[in-house]
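Combine both chains into one complex, guided by the hints.
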Amino acid sequence: MTKMKKTSQICQSKLPDNTALKQQQLPAYRLQLSATGVLSGFFATGAFCLGVGIILILSAKSIKEIEIKYTKICANCAELREDAINFDKECTCSIPFYLSETMQGNVYLYYKLYGFYQNLYRYILSRSNSQLVGTDLKDVGNCAPFSKSHNGTPIAPCGAIANSIFNDTIILSYNLNSSIHMEVPMLRSGITWWTDKYVKFRNPSAINLSSAFTGTAKPPYWSKPVYELDLEDTENNGFLNDDFIVWMRTAAFPTFKKLYRRLNRVQYFIEGLPAGNYSFNITYNFPVTRFKGEKSVVLSTLTWSGGSSLFLGLAYTVTGAVTWLAAFSMMAIHLMLKEKRTLFIERFETERDRA
Amino acid sequence: MDCSLVRTLVHRYCAGEENCVDSRTIYVGHREPPPGAEAYIPQRHPDNRIVSSKYTFWNFIPKNLFEQFRRIANFYFLIIFLVQLIIDTPTSPVTSGLPLFFVITVTAIKQGYEDWLRHKADNAMNQCPVHFIQHGKLVRKQSRKLRVGDIVMVKEDETFPCDLIFLSSSRGDGTCHVTTASLDGESSHKTHYAVQDTKGFHTEEDIDGLHATIECEQPQPDLYKFVGRINVYSDRNDPVVRPLGSENLLLRGATLKNTEKIFGVAIYTGMETKMALNYQSKSQKRSAVEKSMNVFLIVYLCILVSKALINTVLKYVWQSEPFRDEPWYNHKTESERQRNLFLRAFTDFLAFMVLFNYIIPVSMYVTVEMQKFLGSYFITWDEDMFDEDTGEGPLVNTSDLNEELGQVEYVFTDKTGTLTENNMEFKECCIEGHVYVPHAVCNGQVLPDASGIDMIDSSPGAGAREREELFFRALCLCHTIQVKDDDDVDGPRKSPDSGKSCVYISSSPDEVALVEGIQRLGFTYLRLKENYMEILNRENGVERFELLEILSFDSVRRRMSVIVRSATGEIYLFCKGADSSIFPRVIEGKVDQIRSRVERNAVEGLRTLCVAYKRLIPEEYEGVCTLLQAAKVALQDREKKLAEAYEQIEKDLILLGATAVEDRLSADMQDHGLIIDGAALSLIMKPREDGSCGNYRELFLEICRNCSAVLCCRMAPLQKAQIVKLIKLSKEHPITLAIGDGANDVSMILEAHVGIGVIGKEGRQAARNSDYAIPKFKHLKKMLLVHGHLYYIRISELVQYFFYKNVCFIFPQFLYQFFCGFSQQTLYDTAYLTLYNISFTSLPILLYSLMEQHVSIDTLRRDPSLYRDIAKNALLRWRVFIYWTFLGVFDALVFFFGAYFMFENTTVTSNGQIFGNWTFGTLVFTVMVFTVTLKLALDTHYWTWINHFVIWGSLLFYVVFSLLWGGIIWPFLSYQRMYFVFIQMLSSGPAWLVIILLITVSLLPDVLKKVLCRQLWPSATEKVQTENQCLSVEQSTVFMLSQTSSSLSF
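Protein sequence lines, in the order shown, are assigned to chains A and B.
Position 181, counted from 1, in the first sequence is what the UniProt record's numbering calls 181; the numbers after and before it change by one each time, with no gaps.
Position 25, counted from 1, in the second sequence is what the UniProt record's numbering calls 25; the numbers after and before it change by one each time, with no gaps.
Read the hints as simulated data drawn from the structure, not as lab findings.
Keep in mind it's a predicted model, so treat the numbers as computed, not measured.
Do not take every clue at face value.
Quick partial rundown of chain A residues pointing at chain B, CB under 7 angstroms, derived from the structure [as the list claims (entries may be wrong)]:
| no. | residue |
| --- | --- |
| 1 | Tyr29 |
| 2 | Gly105 |
| 3 | Ala252 |
| 4 | Lys258 |
| 5 | Leu302 |
| 6 | Ser309 |
| 7 | Phe328 |
Simulated restraints on C-beta separations [to be verified]:
| no. | chain 1 | residue 1 | chain 2 | residue 2 | range |
| --- | --- | --- | --- | --- | --- |
| 8 | B | Phe897 | A | Asn167 | 29 to 37 angstroms |
| 9 | B | Arg877 | A | Tyr29 | 26 to 34 angstroms |
| 10 | B | Ile109 | A | Gly215 | 47 to 55 angstroms |
| 11 | B | Ile109 | A | Thr36 | 48 to 56 angstroms |
| 12 | B | Phe897 | A | Ile333 | 28 to 36 angstroms |
| 13 | B | Val959 | A | Gly190 | 33 to 41 angstroms |
| 14 | A | Ala332 | B | Val959 | 37 to 45 angstroms |
| 15 | A | Phe97 | B | Val317 | 33 to 41 angstroms |
| 16 | A | Gly215 | B | Val317 | 24 to 32 angstroms |
| 17 | A | Tyr29 | B | Tyr113 | 37 to 45 angstroms |
| 18 | A | Glu232 | B | Val959 | 36 to 44 angstroms |
| 19 | A | Gly190 | B | Arg877 | 39 to 47 angstroms |
| 20 | A | Gly190 | B | Ile109 | 54 to 62 angstroms |
| 21 | A | Asp136 | B | Tyr113 | 25 to 33 angstroms |
Just so it is clear, CB atoms sit at the ideal spot from N, CA and C, and this is done for glycine as well.
One chain only, chain B, in its complex shape (with noise of 0.2 angstroms):
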């Protein structure tokens, strides 16, 4: 019985759920449908706060640290430092302590104060007033107490406090305009448009006495999509319905221009708002480098324990001798013998793991960090790469791929407006098989003189002249241009030849062009005005035509359409579209001869669209009406039963003619082609038109990898991101880079490995959502070939120095282990084993990976085949890494046994005087330290005042504070056992010839080598740098790249 009882429980609260997910209705102003009406489920809905921080007073600390500590190299910091406290070991917690400690604060505060600042903005963004209407009156509340179902008035320049649909503007046509800078970086102005039946409550009475209800669906965060409808209630009658769409929606974070203000009613609030949706954080990216660096990592763990497990197992071998366990000179104290064995060994084991848990360091991450942070000022203040056309610079917003920079295989790029700079310049257009080319622009004049006509081909017949104004005026009113009267409109594209100071604003550069060029051929379309668009024929005389409707654009049917009715009563459809999806649906027109000059145009690169009109008789433009209304309303698949009804619509057209827009290269295109060089680089092209990839992805791959440029033509945002993840996820799994400007290369930007946005014409939303930001495509080449080799040079030595030098620190402290009966004694003293990483050899390698230039700037970004040398993360291969860890053992055991002989075989002292063992152990220290900032010096290729102050400075306070050290009876410590022994050793002379020898010994193997691997087997980049010759290098390929045609197309 329960279990049944229980079970329709959960099947109704399913059910439930299942409602809700559907859709949700709201009372505009809260107020009750009357009776009749169809009964809604009430739902609950989150007040309108927002809150976009992490943290709260109360749970900072334990969260945060939480959070660090899921880190795994924090964790395991923290443990060994937790070690260190519980047991008796000869280091002291602080050693491994105090990096740890700041490493935590650091990034705890930096974090705390993120979120700090987050919580005023989501305080100063919840608290700021917002007018809205109740008991029609106008009332000021805080913003997070606004409630779905409240009616919002907004003013000028205000942004608007949650997503709310448009009831009424202070413009007479029910329009208003938005700027969505802040949610997708398009500062252009949009047009929004009010329910139709609400327009008329311009006053907050009126808006008081509207009934409705509003149905629409759960919030989602696609930005361009909303589905809804309206019922409103007058009187007695039957509820109106009207569809809403994306048109009707104002969204949160959106900005009211040139409206004096307008009315609307909460539907989606606080964190339901489209733009919380949209604030999800992008997914991390790893580089290359750092997926090595934790294999390595990994490496050295294994290294610890097993060297601590050795010494563990070796000392109870050792031990098992009574008269070594607890000799005469040593007794064990009472509670010492009395533990257990296995406890012993146990903490024996942590004992060993803690005194050689330097191997892997605090401090590689902190410098790790430091360099990628410090570093990618670099890219930023770079003066190559800034554009002062815009004012714009280099941005990065992550630094953690720096160096993937220096490892891409494969770039993607977008073509229209990144490799082309979104110049749009009309071109010609061609009617009925005539082709006029507007002669404005010639000789670089323009002159905006209308009978500028040229008239390639034979002059066109009488009959003609009609329909070429036909087509200049279709193209005039077939686009979603506005027109600001404005000067000061943000992102405007000035029609350069306009006398008057009107400038179009579109969100598709195409289609100003195409109004400007017919502007100069002399048709200019004016305005949209109450409904009716405004056109300025050849005779300077206004025609109107009313804008019945728009069949708007999409990228599945690649053309839009409009419907007008003329001044004498005849309704025109005018569509305008990609020539493939114009010609199957036209049934007149001279097709074959505009199919023909088309195509000529698409191989010459030039942007092509066809013209076709209808004419409608009033019967069928009902049909055409009831159509369309019937598909608005559609709650559900309201797209796709759009779709069927345009598709019904825009068919038995008439050809008119065709356009063709000429997109500019940059300026240095062929520069970039030098990038694209080659079997390493592979350039995938894609235009934004969209089109299948097909599904043979063998096939593709196979045709990919043998290419050196690929162009993919028509693709969809979605499938650029496809085909990178194509080539991202195969065999070899290549470094893949996606460059873009728009918002439909967002996509393939978080996709691939590195991404980066172009500072383009066509909103900031690539450059946001990239890992790096440049203004102009050229740029890419500096980025590549000289900073991301660089920064992989650089970041590559760091790891493999930091290993080293801590394998040369450690190593002899383990083979101390084997003298000294196991018993964990140190060979350094606790100052040096705090200090080492911290400060006698972390600044060297630091400005070591910020300055470092193997070779020259110049040189790098002449010869690109120089960055195949550093292909496939070839200096953190395996080879490569073991050979580092080898030298750094080799080296150890130089430092370590080349002291060991002195001090066992003979008096280290002129005087007869005995050293003890913390002599020993700053004689090995002091080697190792000369040693390993001598080894960087050596590697070393580019020496500015900085290198040498900061290595012979590093060097300098190594023997300044040892003198120190020793030299002073310090009250805090509780011993005095390096009183004076720096000095004591530096006075005796067979101690520096020790010295200087073991320093020799240890640098002389890697010298050869490298002198000999760079004799025997160069790679290019040292040829560059003995040869250091100022050749010429030959220009490699360069492509031509157009929208339409090239070598391979999908």
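Only chain A is shown next, with the shape it has when bound in the complex (with noise of 0.2 angstroms):
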């Protein structure tokens, strides 16, 4: 009996709430391809591409570039680099080239390697973090092989990143004629991430420098350690050094190139890089034939939308010219369906008449 009660309870609580949700029956917007709608939008898209486009090439004409590629230039360095034993004997080269036209506004000086593989899967791994932001400079776990040298101290900083830098050095002189040489005035400032400079690479905290280092070793390939990096600036020393900290950020793609100096725009200069002879004089230590690769320096002005190259421009006016075109054949489908479907409608209509 009682159980008999309580089934009944049960089954008139079984009855469903009458809710949208349960019911399936939410107020909705419903959204429906339409032939009008997919049209105009497919217009819209393709006029705002275009539009994109144009402009992007436009921007981009206005930036001058200019590549050296100087491993083959440099032929008599890159040959003494082979061998690993000729690594204290200093090589420089000197590139002379003519600048036809004024590279207006910021100038930007790149390197650019061929065929360096930085995002190697080992090699991106062999770093220490803990040792670059300055809290531990003995943790060198993930470094090997370059973690520990011969005698047995921790590497500072340790890992194949660290040890393989660049470590050329460019220096750009103008030839105002032809017995006056000027350096091109560089700074060395704001190449790298803020964010890098600040936060992520920190010196160990010491009276100076050499002794916060002390009880690490150098790289194996280094020519001098990390403290002496640049002993005139203390804010570029250490890990704190900008090249360095350029070099640590691994590129994505085996050719790539790395930003080394920005143009100080004075005296000469104020406007960017008049039109005239320069030379590249460069110290060549980094040694590329070993595996086949090359390096060059680029000199680059930018815009707003960033470096030379036309891809992006381009891109965008395909796209648009290829939406547009796929929205024009549509709408000729659209209305030749639609001709059909009246032609159809009409002929029933008679036929229905005619009964």
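Dropping the structure here:
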């Protein structure tokens, strides 16, 4: 008896709630891809892409860029660096070139490497962040095989990335005439991410840098210890060295360029780099022929849309054109079908009338 | 020598086994039989412990883990996880371990909880006290200590602790009432009979003095079959042998009703009880979607392996030049140098596998499970499928088959009670060719007036009056109805017009309708009291008939008989049954007139029965008795012998007349015709009578395929299942659905791809064995056309989208290997790898797969032709699958090479600074998350606030997460490679331009394809979507369904 009553109560409570959610009747907007909607969408997208594309192409046109590959030009230096024994022999190389047009505005100096895999899995891993923020110089856990020197002292900065730092020095000189060669003033600041320079890379705290790094060894391929990278500017010494920080941000592809210097716009260079004769004076240290690579220097101006490539502008233009093409063909199909349909309906109606 | 010895041992053992199989012998109350009796082989029986639980406390963890990892997917993910743990890979084991751990834990907790409940139920059952007799005293013991041979006492409303032979009852007539609701769902009271020779033992002492043995068959699962015999020894006489049938057997799980107490002897205990033997779990059904999902998985597994192989081979080709294998800037460690080449290649292969393993995501399984589980609630919540009369809503017994509801091609339905509502109404009877119609129900008014007989034909002659009364008496006596005086019987069928509160209960609604109809014609069946059936005749006088034998109904004979002795001492045999089984056995009566009437009624769709009788002289009755007794005592082939005996007795009958009962069709029958429309669906009808299906399978299939509706008459339950199987296994492998309401439909429900039970009047057994249960047949329409269609659309998009988004995810990773010297460097940060499937792109698709309605529910219901659009697994065909995969590959190419050319050719920033590899990966990832989410947004037709919230919320979450992830130095990370990467990227104008461009380019082709297909080759669904007109759809063919006649019958 009681059981029966219970079950009947359960039965009553089984009546479903009449909520919109449970009845799948929530108020909703029905997205319909109607012909007019899609067509106008396509035309709008096409117009936008074409517009952006043209603007990008125009702005990319104003950019000046020159790239000089210097592996072959400095063939004797390259040959010298083939053999690691000659690491302490200095080799310089001068590359004259002529700038036919003025490079207006900010000019950036890059070095570019071909065939250097900064994105190898073991290579990317081979660094110690706790060392680089200055908290624990002895932490060389991931740095193998460049974690400790032969006598067992930890390397600072350890790891394959730091060890293989790009160590050419590139000096650009402006040849006003055949006798006056002046060094183009370059800025080292602002070539790194702000967060790298001020958060991710910190020197260990000590009275002076060299004492902070006692008990560590320099990386095997380095000619001088990390605390002697820039003896003039303490803000550029040790782990805070701008070139070092730039190098430590590993590139995505085997061909990559990295920012080296930017033009200090003073005196002659207030407008940019004037047209004329220049030469790069390069201290050639970094071996690339050993991995069949190449290196080059790049001088470039920039606009709001970045560097010189037409890629982005062209891509936008092509996308816009294809979209419009698709839209037109869709419109044609739509109109044709519409005509057919009305014809069909008319025929149907006349037949009905006849009947 | 030894060999022969062994052989004889084996033989003996086998022989012993055979003996065991035959029968078992039980000493009632463990009393040995007198020494003169036959010696029996003692047998061992299990105790009365029921074990339904799967695990114990100790073996839970290993056994559960073992069972879970037997699933291919889980095993695959475990392997990946272990590989990640062992070898040096760029992906952290957490990325695959965490989701796997989550899935395994949740499943284990769920299964553990269910098993704990089972343990609890088992314990409660095994420890519940049972009264039994020991040395003439009543003793209480735990149920599990019960043994075969114990004498048990059961009180009212208690359930029987094991299978018992009914010895005696507190009722004087040695009967008891039982409900078997928990066994087969039949809630009606059934009468069981005590053994004749022991029904006098009413007290504990009496019963203890009983000296008997029982022989019976070994336990078998059939609830309704039991064969045995009892030998009662009294003093020095020869033992009395009595037959035991299922009417003497009280089953474990049944409940004693309306009887103070009974005594019984345990014959089957514990796991040998018929209830336990019926515990067999249903075989798992798999939906077509799941099958194609598994095929796609295998395809992706092949893709994965080939990707890993290609990369491994290329790696070693690329590294064959020493300056690449070990350039000066990336020296190997000593241990790396010394490793064996093949070992190295193998680890590289594994590492690539691990790197690309996300292409088969764990999260897809989780999402599909969640979608099915949560989605099935929409069925149970559906108001339209709620029946207010019974207070029942639809039930979902398995959520695995939701989408299969959208794929049904053939519907098999039981007619009686499913299409009709089992509301039987007595229409007319025909006695000697004269037609009588009970007047009482005209105009919907029920008149309890006995004189309301309308004679359609000419009035009967005076001699016919006697025949007429005999006919009514025959109908009043020839049945197995019980009468309940009580108002509170469950599962009642109240006689609508009886002034007294008397309720007829029967397993067959026809009988009730007949007896009620006869009541209106002046004869009322009162009760069965001490083997005397009492009826009230027209003069309000009580007539008593002694019930001598019941030749019960079975579906082979299709008739039943009773033998009664009237007050004047005359012995009658009344027989009632289907026309075809009565006419051949008739020797007298107006056969032709009655036959024509019966046929007319049958054509009108009425259920007809014929009634005949025969008078037996006492000598004949003696013969009948011995014949029946001999058959009943037989231990072997009792069924067959009984059937032969019945055959001999039921002959030379005199035909009295025929009855017609109307089984009313459900109110909305016309609507159902819509589902049964056209070439896509066929409907096979089955009334509940038996018959032969014929062996012309091919012919049958041929006809079935060419007919929109096929009617199969007179089918046995097993034949129903056979027809389902026949269609199921035919060449096209169509998806079948079986729907029924009675126990006789269970086999068909279990056989079909989707089984639907109607929670009807014939008990709940069909509903319990079904995959889905609905209160009324009319609800099937919404179930298929709306729910099935929507679930199918949803899950197919879910499956395809999951593969698509993981192709987008992993293909750039694959491409990147070509640019990083095949060194297994990851493109994305670990956090992105882990969270891509878990949080950035999971919720939109889950909610889509729960909410999407590509066309409105009303349209779906109104236009059944839309159902054909998705037939034959249309959205998961190879063409569609390949399209999605190629779309994924195309998008991945766009992301990767778009970003690549950008990085390669230009400075991405406007301040000259340079981005590294992590920025590149983040750029690709950002484009990907947006594209993949917007692709889903374009596919969503039904935008509720939830969709808006989830889609835009996911994108926002991605942005906020990336800002946070890169905005803080996380102290628990040993690397800070993502620090400010995302913010730096967003601070550069060109990056924005690239992101916008790449998203547009990857979305355009899909939109274009969609619009073009819609314009050129629109499907029915798309036409409805675009036109959106409310043209009323023409009603399709409506099938009239009747019991005996239609287009085709087998």
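Item checked: Violated hints, by number in ascending order, as checked against the structure -> Structure breaks hints 2, 7, 13, 16, 19, 21.
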